[in-house]
Structure formats: structure tokens, C-alpha cells
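Novice: Chains as they are written, first to last, in our numbering: chain H, 1171 to 1611; chain D, 21 to 530.
Treat the hints with caution; some may be incorrect.
[Unchecked claim] Once the Cα atoms are required to be at most 25 Å apart in a straight line, the calculated DMTMM-like pairs of lysine to aspartate or glutamate come out as:
| # | chain 1 | residue 1 | chain 2 | residue 2 |
| --- | --- | --- | --- | --- |
| 1 | H | Lys-1475 | D | Glu-416 |
| 2 | D | Lys-403 | H | Asp-1226 |
| 3 | H | Lys-1261 | H | Asp-1226 |
| 4 | H | Lys-1261 | H | Glu-1279 |
| 5 | H | Lys-1261 | H | Glu-1194 |
| 6 | H | Lys-1475 | H | Glu-1600 |
| 7 | D | Lys-403 | H | Glu-1437 |
| 8 | H | Lys-1225 | H | Glu-1194 |
| 9 | H | Lys-1261 | H | Asp-1236 |
| 10 | H | Lys-1225 | H | Glu-1191 |
| 11 | D | Lys-403 | H | Asp-1441 |
| 12 | H | Lys-1225 | H | Asp-1236 |
Since the hints were derived computationally from the structure, they do not count as laboratory data.
Listed below are the residues making up each chain.
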Amino acid sequence: MRVFLIGAGQVGTTIVEALHEDHEITVLDTEGSRLQALTSRFDVAVFEGNGTSRKDLAAAGIGRADLVIACTSRDEVNIVAGMFSRREAEKATTVIRTSSSEYVELWREGQLDVDFVVSSELETAYAISSILGVPAARQTDVFADGQVQVGEFDVDEDASADVVGVPLRNASLPSDSKVAAIIRGDELILPRGDEVIRHGDRIVVIGSPAAAKAWSELLWPEGGIVRDVVIYGAGRVGSAIARVLREQGLSVRMIEAQRDQARRAAEAFPDVRVFNASGFDPDFLERERIGQAQAAIFAMRDDAKNQYAASLARVHGVPFTVAIAHEAVSISAFEQAGIDVSVNPRAVTAEEIVRFAHDPRMQQVAMLEGNRFEVLDVTTRDTSRYIGMAFRDMPVHGSLIGAIVRNGTAIFPHGDDVLEAGDRVIIFTEAANAPWVVEAL
Amino acid sequence: MTHAAARIGRRRRIAIDLWAVFNLVGSLGKYLGLAVIFPIAVALWYSEPFWPYLLSGAVTSGLGVVLERATARPDTRLGVREGFLVVALTWLLAAAFASMPYLLAGGAQLSSPIDAYFEGMSGFTTTGASVVTDFDDLDQSLLMWRQFTQWLGGMGIIVLAIAVLPRLRVGGRQMMESELPGPEIGALSERIRSTARRLWVLYAVLTILQAVVLAGLGWAGVDEAMTPFKAIAHALATMPTGGFSTEPRSIEGFSAETQWVIAVFMLIAGANFALLYKAFVRRRLRLLPRDEEFRLYVALVLGASVAITVMLWGYGISEGEAAVRAAVFQTLSIVTTTGFATTDFAVWPAVMLLAIFALMFVGGSAGSTGGGIKVVRHLLLGKILRREIDQTLSPEVVMPIRLNNAPVDERTLRAIAFFILLYVGMWAVGASVIAIDSAVSNVGLGTLDALAVSATALGNIGPAFGLAGPMGSFAELGDVSKITMIGLMWAGRLEILPVVVLLTRHYWRL
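So that you can see chain H by itself, here it is in the shape it has in the complex (with noise of 0.2 Å):
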């Protein structure tokens, strides 16, 4: 597939990363250093022009692509280049990215000639949303529907016996789940019946939502389910994040330094409490009890601030924290501050772009541990050679089924169920065989 990128920013180097190995890239950017950034590191063919002139994109090639994703950082270039890509490229898909959920608003109601309109700040918050969810979870993200989730876990000393140190075909695991995959350090296992689950080790689950707070409430037996949050800074993500759990019905507080900024979040969240405070007064944190809250999310826009906020909230008391890391690297900065999740907005933002340049059978892909393993969602050919198969005499590849969704319902398969044509498969796989997975179902 012929991928046409505007953007040689974090979202779209990470696009590249995902896709250089099995698509023809082309990238469009203003800066000549950023792309030459990126053809250091990727085989892919750059043009220094700006994304707003027809002549610019005409010259580099858009005609020709498939695919055209423009995820500059400013909404106004996205939606013009988006735009001028209708025009020269009448045939490719268009995506593009956006910061304001007005533009997702308008996109829904067909106001906007785009394929498809993805929000950095929504899919942050749905992101957010859904570690809510599994609070054991390092990482987790929702499939067919909702009926699927995959979760990531840390097994630490908390973790009931039940699961620990027992062969998982004697382990009394939460029914409808499956143990897709344990990572030991660097060492990938996808386990059989009889390996164990170790103190340390990290394992991604997939299974049904039940059966991911099950694992939730096994990895974490202290734990309860979240419904009293507040949320550091009330700018565009903070605010996302407040729309969506509010919509779920969680108790939000929110906390923003700026005066201004926090005025609009009390206008907008009528049964949000808003305090126009920076979040570092412990005076402050101790008479608002924010100690209290079974979560807090650092929405700030200094990740050093975010990091040294969510420190302070672990002081006083707050037993769960999820940061927002601008910067990739913050990643690893806050992971060792003690920051239960991070999330990146840029990450998430390309994770939901990459999953239009897949296979049109391909309804979704989930990156986990950074690029180095994928969970997708693959739609079987009636010609595949699986099709009759028990998943038991499956070969193994470094991959591994861990449900199916037929007619519309998810099944967790066991070891003798048979694999029919047009099932959707979820399936978790190394990066590296992704596409001779979809290649083979």
C-alpha cells in the first residue's frame, strides 16, 4: 500500500515505525530535519514542502497514494491538506488528525469530506477510560465492540496465589480469559499448560471485561473499582478525560493552576468541582482530601510537572496514579517515579491512525510494550488453510488466538473448538509476524 503522510512529528514517526516495513511511505513536512530524522532511521522517500499547498503535495506524489494520513500537530493543515487530497487523490483513504472533538463532532455529522477524523485528546481519554476500567493493568484496549479486552498486568507481591506459582492448566484462572503471552524481562513466552506465573513477570490477558477485572481483582486483591477520580489540569486532554468519565458516571474532581482555563472547566462540567489551584499546596491537597480519591489523573502539559504532581498525590494518599507523557521518553521517567500508567497521547493517536493502512479485513490493531507486540483483529478467509482446525493442532509462531467473535458474539475458545470461515479472530502476536499472521488466517 502506498502511505501518503503529512507530519514528520512524534505521531508521525511513530506511523512510520509501524508501517515502513510493509508499506511504501512518503513523507511531507516543512522541516528538512525532521525527515532527515527520520530517513536515518526508515526507508522511506521525504518531500520538504508544506501541507496546506496543492503544488507542494501534487509534487511529492499524493496522486499516487492509498493511504493519505495527515497528523501535523495544527488542526487547520490537517483539515486543508485533507482537503486538497479529496481533490488529488480521489481514490485513497484520508485520515486525519485532530486536537478539537468540535471537528470529530462535525466529522460525525458528515460536515467534514474526510474517511476518517481521529482526535488525539479522545483517544487519550478513551484510553484513560478503559485503565479505569482494569486499574491492575498496565496497559488495555477494548475490541469488538467492547467484548474483548486485552489487558497488560504486573505481577507483583500483591498477586493472590490462586494464579502464582501454580501451572496454569491447574490454576484456577477467570473463565473466559486466556493468558496470551508472559513477558519475563526480555523473553517473550506464549505459555502452555504447564508454565508458571512468576513474581515480576508482566502477562497480557485477553478475555471478556468481566474476566479482565477478575484479573484486575486477582492481581490486585486490595483493589476496588474507581469511581472518585480527580484529574490534574482542565486543558483539552484534562478535559476529554473529565467528558468521558463523567459520561461514565464516575465522581470527578479537577485541579488547574491557570484562572482562566479552570473558569471554562466549571462552565462546562456542571457537576465536576473544579479548584483553581496548582495541585503542589499541600495545604491545599490536605483540606480537599485529595488524598481520598481512588485515582488521579496528571493531565498537565509539563510532563515534569505531571511527574512531580502524581509523587506528591501518592504522599498524600492517592493509591493510584495515571500520568500523561507528552514526551516518549517520560515514559520510562515515570515508570520509575512510580507513576502506575503513562499514557501518550502521540502513541495513541498513531495507534488508532495505523490501523487504516492494515489489511481491509483488519478491524483493529493494539500495540503493546511499545511496538514489540501486537493484538489484531482479523476477519478469516474461507480459503485460509485454519479454517476446520482445532485450536489445539494450531501451529504456534509466536502468536496466539485468544478469542474469536462469531456472528457478532465473543467465544474464548478452548483447545477443541474449530475455527469456521468468517470468524473475527483476536489474535496476539510479535510485531515482526503480524502480517504473515493476516497473510495465513
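Position chain D relative to chain H; hints supplied.
Specialist: Then chain D, alone, in the frame of chain H:
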């Protein structure tokens, strides 16, 4: 090129364009004089002398034309500053215009210029306080003129609320915000003129409807006392929440049905006209229960009616339907600042007087013809207080105050608190002056009576307690008290601020 020193010229210290103000007031007076056509027609119908009205109209229009011509200047500025003075002067001069027929045809009881001006101001501010004691001595046309001044005053208030006050706040934001708190009126139509015209039509249609219903009751024999003349007269005083009556004992002499009809129209007159327009003309009735001010207005009326019914029954003053009717009517009359009465509440026990007294501070809805503090200001003040209490505990919490789900500007909120403070202050000063004057000039006005007289004037209600009760008259009050009341009626009608602004030095001089 002229020399710089020559260009600098004289010092110009007057901050407002008086020519423009007089010019506009003159042109308003020119048209106002035409209002005498109605009493002239009534006088001709009843074969009464019509020359007092003709003379009053001629003088008013004539002076208006002269003033307009004399002050015409090529480049005048009519901005926010000038607007305050225009509004203030217009009501002063309209009251003078209204008082001319009283002086010319009112006989002995209206022969004093202060009494005549009092009656005129009470009419044009839709107050309804009267110095008339002998109603039989007045011509039918003069009685109708009293009612008609209230109706004209009500029309003026609609324009004031829609066209003038919002425009004044364009520049004088912090002073004028409190005139139109929230999203009413302005949102009704982009163009102020057409909005005003629509609300005028609504106002006129409701007046005609009430007159027809009342006349119908009389014609059908339900109410023997209700003649077409009285039907028109009382309709003219209900929609503007005026309260003048052609009867010495207000509405008491009419049947129960008439009293209920008038109560319903008072309820309507005390609601926001823009809201009524949307609800009834645009057929969006759901807006009524959704409007926070309307909900509180109805709740207050219901609550007070129940309380007063219980007290009337408990004290054995009346019972059954009569008690409910008396309670509902008096409550509506005071809350909407109309000032009619079906019973002499001045003789009620002290607890009930206090209840009536408290209702005097409610006022109608914003965007109605009612005066007083107004329901929406109470509503927002309550919300401000609740927030203050909350912020005592959590100083950092940000709580925008909402009215009908829309956040209200902080400056508006400050202006509302300031308005209420000013209102109460002005009421207290007025009450003191009236109490002292009554004591000095040996008028039998008690302390609570004096407090009520000040409140009734400032709130444009009408009746007070004691000798100034609903069946009494303000005639016995001293001149100082009457002048004070004139001032209070005037200031209260203009929502105080435009009047107070005129008292500041920097309004006039740089």
C-alpha cells in the same frame, strides 16, 4: 496650518452632550403629548370638558417641539452617558405631563402641585399609590386618565427594559449589568425595535383580552358592579402592574369571579414578557417550567398564598374559598407590585402585616412591568451566598453561577449584589425621612407603616399600612414625605442605578 496653541482651545469640562439629551427628550415629549387623544375621547363620550387634556397635550407637545428645535445641533453625541440622563429626565417630565390634567380638572383634592405630581409620578411609574380620597368628585375622563398613565408607563418600561437599558450597558457595563441579568429579552430578537414592537403587541393584546373578559363578566350578569368603563379601567392598570382603581375600595366591591380573573392577569403581568412571548406566541410552553426565575416566582406566590390562607383561617378573618382568594389576590398584588386589594389588609394582625411587608421586597420577574428587586436577583443572590459559604471552606474551588444552565458573568453577579445593597440602603433612608417627617408634622404613621411606605414607593407597589393602607390614601402625609416618595418611585422605576449615576461628580464633569 494653525498654530498649535490655537488648536488646543478652551478647557472643556462638561462630560455629557446636553444638547443631544434635550433634543431626544424634546422629541419624546412631542409624541407623548399625543396620548391625550384617549382621555379627550372619553371626555367627549361622557360629555365632560375636554380642554384640560387638550391643553396638557398641546403644552407637552409644543414644549417638546420647541425643545427639539432649539437644541438641534449638527454633530451631537448620544451615547451611554447621555442615555442615563435621557431616561431619568423622561420619567420626570412624563410625570409632570400626567399631573397637568389633575391640576386643571382635579378639583380641590388634586389642587396642590405636589399632590398632582405625586399622582402623576405614581401613574407613570406604575406604582398605584394615590392621594385621591373622594373618587366621586373626579370626572370619568380623569379617572380614566389615571389608569391610562399607568398603561403608558408600562409601555415605557418595556422599551426601557429592551431598548434602552441594554444599550446603556454597552459602554457602562459594570453599572448596567444588573438591568438585564441573564439571557432574557435580548435573545428574543436580533433587532431591538422589532422585539419591542412584538412585546408591545403582546402587552396590548393581553390588556384587551382582560378588558373583554371583565366586561363579559359584567355583561353576563356574573358581576353586577362591572361596567365596560370599569373593565377597561382595571385592565389598563393590571398589565402594567399599576394598581390604580376607579373605586375607593379597590377591587373589594367586585365579585369573586372578577377577583380571580384579575389575579390571573396579575400573575401574567409579573412574569417575564419575553418568556411569555416564547411560551405562548411561539408555542413553546415547556420553556415555562424550565425557566428558573419563573419556577421561583410561581413557588414564591404559592408558598406565600398558602401561608396567608392558613393565617387568615387561623385568625378567623375569613375561611373557605374567600380565605384562599384573599390570600392569593393579596400575595399576587404585592409580589407583582400591582397594588390592588380585595380586602383592607392594613387591619390584619401584625404577623400577617410582616408577611405582606416581606413580600414587598420580592418584586416581579425581570422583563416584566413589575418593579422591586425582582425574582431573578433574589435567585442569583441566593446562589452567590451559597457559593460564598462553599468557598469559605474551599477557597480554591471555582464555581460559575448558572442561570437556566448558562454561566452568569461575574461582573453581573457583583452588580446584582450591589444593586440589592443600594436598594435596601435607599429604602432605609427613605423610611427614616418619612418617619421623621410624619413625627414632626403629626401624621399618625407608625414605624412599620413608615417602613412600608418607603418600601411600597421604591418597589412601585402602591398601598402601604396604616392610614396609607389599600383603602386609605397618601393625602394626609406631609409634603416632605410625598416628595421623598416621588423620588423613591422615580429611582425604583429606573432600577436605581441610572439615578445614582446622575449624583456622581464624574458623570457631569471631567
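Novice: Each hint: holds or not?
Specialist: Here is how each hint holds up against the structure:
{"no.": "1", "hint": "Lys-1475/H - Glu-416/D", "in the structure": "holds (19 Å)"}
{"no.": "2", "hint": "Lys-403/D - Asp-1226/H", "in the structure": "violated (57 Å)"}
{"no.": "3", "hint": "Lys-1261/H - Asp-1226/H", "in the structure": "holds (19 Å)"}
{"no.": "4", "hint": "Lys-1261/H - Glu-1279/H", "in the structure": "holds (22 Å)"}
{"no.": "5", "hint": "Lys-1261/H - Glu-1194/H", "in the structure": "holds (17 Å)"}
{"no.": "6", "hint": "Lys-1475/H - Glu-1600/H", "in the structure": "violated (35 Å)"}
{"no.": "7", "hint": "Lys-403/D - Glu-1437/H", "in the structure": "holds (15 Å)"}
{"no.": "8", "hint": "Lys-1225/H - Glu-1194/H", "in the structure": "holds (21 Å)"}
{"no.": "9", "hint": "Lys-1261/H - Asp-1236/H", "in the structure": "holds (7 Å)"}
{"no.": "10", "hint": "Lys-1225/H - Glu-1191/H", "in the structure": "violated (29 Å)"}
{"no.": "11", "hint": "Lys-403/D - Asp-1441/H", "in the structure": "holds (15 Å)"}
{"no.": "12", "hint": "Lys-1225/H - Asp-1236/H", "in the structure": "holds (19 Å)"}
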